[in-house]
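**Q** Those sequence lines, one after another, are chains U and E. Position 362 (the first sequence) corresponds to 362 in the numbering used here; numbering is contiguous. Position 75 (the second sequence) corresponds to 75 in the numbering used here; numbering is contiguous.
Calculated directly from the structure, the hints in this document are not laboratory data. These numbers come from a predicted model, not from an experiment. Be aware that a few hints might be false.
To be verified - Ranges of calculated distance between the beta carbons of each label pair, as one might list FRET restraints: (1) E:Y63 <-> U:E351: 44 to 52 Å; (2) U:R45 <-> E:Y17: 21 to 29 Å; (3) E:I20 <-> U:L305: 44 to 52 Å; (4) E:E135 <-> U:D21: 51 to 59 Å; (5) U:R272 <-> E:R155: 43 to 51 Å; (6) E:D41 <-> U:L76: 58 to 66 Å; (7) U:L305 <-> E:A13: 43 to 51 Å; (8) E:R152 <-> U:N183: 41 to 49 Å; (9) U:N315 <-> E:P101: 34 to 42 Å; (10) U:R272 <-> E:L3: 37 to 45 Å; (11) U:I122 <-> E:K14: 22 to 30 Å; (12) E:E5 <-> U:R45: 39 to 47 Å; (13) E:L3 <-> U:T118: 40 to 48 Å.
Here a beta-carbon is modelled for each residue, glycine too, at the ideal position from N, C-alpha and C.
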Amino acid sequence: MLREVAIVGAGWSGFRSISPDLSYKEMMYEAAVRAYEDAGIDPRRDVDSFVTVAEDFMEGTSIFDEYTPDQLGGALRPNHTITGDGIHGLAAAVMQILTGQFDLVVVEAHSKASNVLTFPHILAYAMDPVYNRPLAFHPYAIAGMEMRRYLAETATPLEACARVVVKNRANALFNPLAAHGANISVEAVLGSDMVAEPLTRLQCADHADGAIVLVVADGATARALTDRPIWIRGIGWANDTHTLESRPWGEASYAYLAAQMAYRTAGIKSPRAEIDFAEIDDTFAYKELQHLEALGFCRPGEAGLWTLEGGTEINGEFPVNPSGGSLGMGHLLDGSGLARVLEVIFQLRGEAGRHQVKDAEVGMAFAWRGVPTTSGAAVILSN
Amino acid sequence: MSLLERIAHPNQAKVWYGEIPIQSRYTVGITGERFFREIKDNGRLWGTRCPHCDLVYIPPRLYCERCFAHLEEWVEVPTTGRVHTFTVVHLDLDGNPLPEPRIIAFIQIDGTDGGLIHDLGEVDPEEVCIGMCVEAVFKDPAERRGSITDIRYFRPVG
Numbered sequence: 001m002l003r004e005v006a007i008v009g010a011g012w013s014g015f016r017s018i019s020p021d022l023s024y025k026e027m028m029y030e031a032a033v034r035a036y037e038d039a040g041i042d043p044r045r046d047v048d049s050f051v052t053v054a055e056d057f058m059e060g061t062s063i064f065d066e067y068t069p070d071q072l073g074g075a076l077r078p079n080h081t082i083t084g085d086g087i088h089g090l091a092a093a094v095m096q097i098l099t100g101q102f103d104l105v106v107v108e109a110h111s112k113a114s115n116v117l118t119f120p121h122i123l124a125y126a127m128d129p130v131y132n133r134p135l136a137f138h139p140y141a142i143a144g145m146e147m148r149r150y151l152a153e154t155a156t157p158l159e160a161c162a163r164v165v166v167k168n169r170a171n172a173l174f175n176p177l178a179a180h181g182a183n184i185s186v187e188a189v190l191g192s193d194m195v196a197e198p199l200t201r202l203q204c205a206d207h208a209d210g211a212i213v214l215v216v217a218d219g220a221t222a223r224a225l226t227d228r229p230i231w232i233r234g235i236g237w238a239n240d241t242h243t244l245e246s247r248p249w250g251e252a253s254y255a256y257l258a259a260q261m262a263y264r265t266a267g268i269k270s271p272r273a274e275i276d277f278a279e280i281d282d283t284f285a286y287k288e289l290q291h292l293e294a295l296g297f298c299r300p301g302e303a304g305l306w307t308l309e310g311g312t313e314i315n316g317e318f319p320v321n322p323s324g325g326s327l328g329m330g331h332l333l334d335g336s337g338l339a340r341v342l343e344v345i346f347q348l349r350g351e352a353g354r355h356q357v358k359d360a361e362v363g364m365a366f367a368w369r370g371v372p373t374t375s376g377a378a379v380i381l382s383n
Numbered sequence: 001m002s003l004l005e006r007i008a009h010p011n012q013a014k015v016w017y018g019e020i021p022i023q024s025r026y027t028v029g030i031t032g033e034r035f036f037r038e039i040k041d042n043g044r045l046w047g048t049r050c051p052h053c054d055l056v057y058i059p060p061r062l063y064c065e066r067c068f069a070h071l072e073e074w075v076e077v078p079t080t081g082r083v084h085t086f087t088v089v090h091l092d093l094d095g096n097p098l099p100e101p102r103i104i105a106f107i108q109i110d111g112t113d114g115g116l117i118h119d120l121g122e123v124d125p126e127e128v129c130i131g132m133c134v135e136a137v138f139k140d141p142a143e144r145r146g147s148i149t150d151i152r153y154f155r156p157v158g
């Protein structure tokens, strides 16, 4: 990259299945105060620009981007709100710093999912209004169709998907920020209510409320602020076609392309050898497996067996979602990617406590924007 | 300073409810107009072809997503296809259990590189498999109104 870029502060609020006591603004404020304390900065004096990520329909407010500055300390400053996942927001912050015009940029994303009363309708409203929406089916049917095709193409057993749930929810038991830690069995996962065959309810991440704020700086500013910056080595993002009728149903092309872009920037040739652990999207259990393969950590068809062998456990060869992922922490809507990044930061700082990965030096976070999208973003961080 | 005091009693955790009536028109466009007119008037499927990529698009479109060429060649395609993937969805749009689960499939239309998302009918879920040959079942001409739902569902061939 043209300039070095690092994360110098991280804050959060949450994560819980409901948050009746705090408005989304108060959650953002709480996360921001933590992040600014962590970075040792005053937002009114030091921050050059603010990037937030939000989607109007999830917020229940149109032109939502107008609602972000106050609670971040960003009024009367450059503000930039995008739709996408939080890692897309992080990419926007990195780009702003790379211009040379900004040295310290704040990124925010959040979820107040418990206030969203008609979630499936909002997802259905994202489908093509002419060709798909008149059929009026629950949009998780898209995940069910994709899962079936992925399992068929890769000969991945159903048990492997269930093991992802068992692993991630067990990891979450050791993560005090996680909302959905649990000890469950493969049989319980596969025997839970059917949503969209072969997808069962326990293979779908439940939501959580929370906010994440990161403080991002150029290399010189980062070194002046902290002796333990978390370096952004590479970042990438990509979309496949949104059209349901021409997307590849078995593979996650967007993940492959986003990762390749991040690897190019980071100079990574062999991801599995050069990266120590990953926090990757597991909105649906099969997605962790499909994404592991698309990100190049193993070949198509291997992720399921690797998981069944325990290779992706916290103490395994390549820990995946030591935080518990979205299945264990709760899905944070557009904030999910920043929750993945937050965990990578904790791991690289050695602050992950009982779910600490040994010798964590390079980590990846990967986000997918959920059904019905084919939108992914990847970032590689090191200490 | 962060949050100095918090709400300590659930009955103080007040909420306000809101809703908005959203209504929109969706212009189906040049390709959509012809596609839906053929379904409505003739019970037939038409796609567009990219001569550079040798791809036939269903649903039809005016441009090739691979090479960005402007597409002008229309081709009639069969009303048959194969189940590329499918699911049995058990929930309705409110998240409640459906009394009768629906089989939703992506049907790759024969002779094309695309297909249609639709229900499968006249078949039990246990009998459906990837690769199954199916055909479109259209509503009676008088009932059609130029919509994707002018196709009732796809059913197994034979």
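**Q** Does the structure break any of the earlier hints, and which numbers would those be?
**A** As far as the earlier hints go, 2, 12, 13 are violated by this structure, in ascending order.
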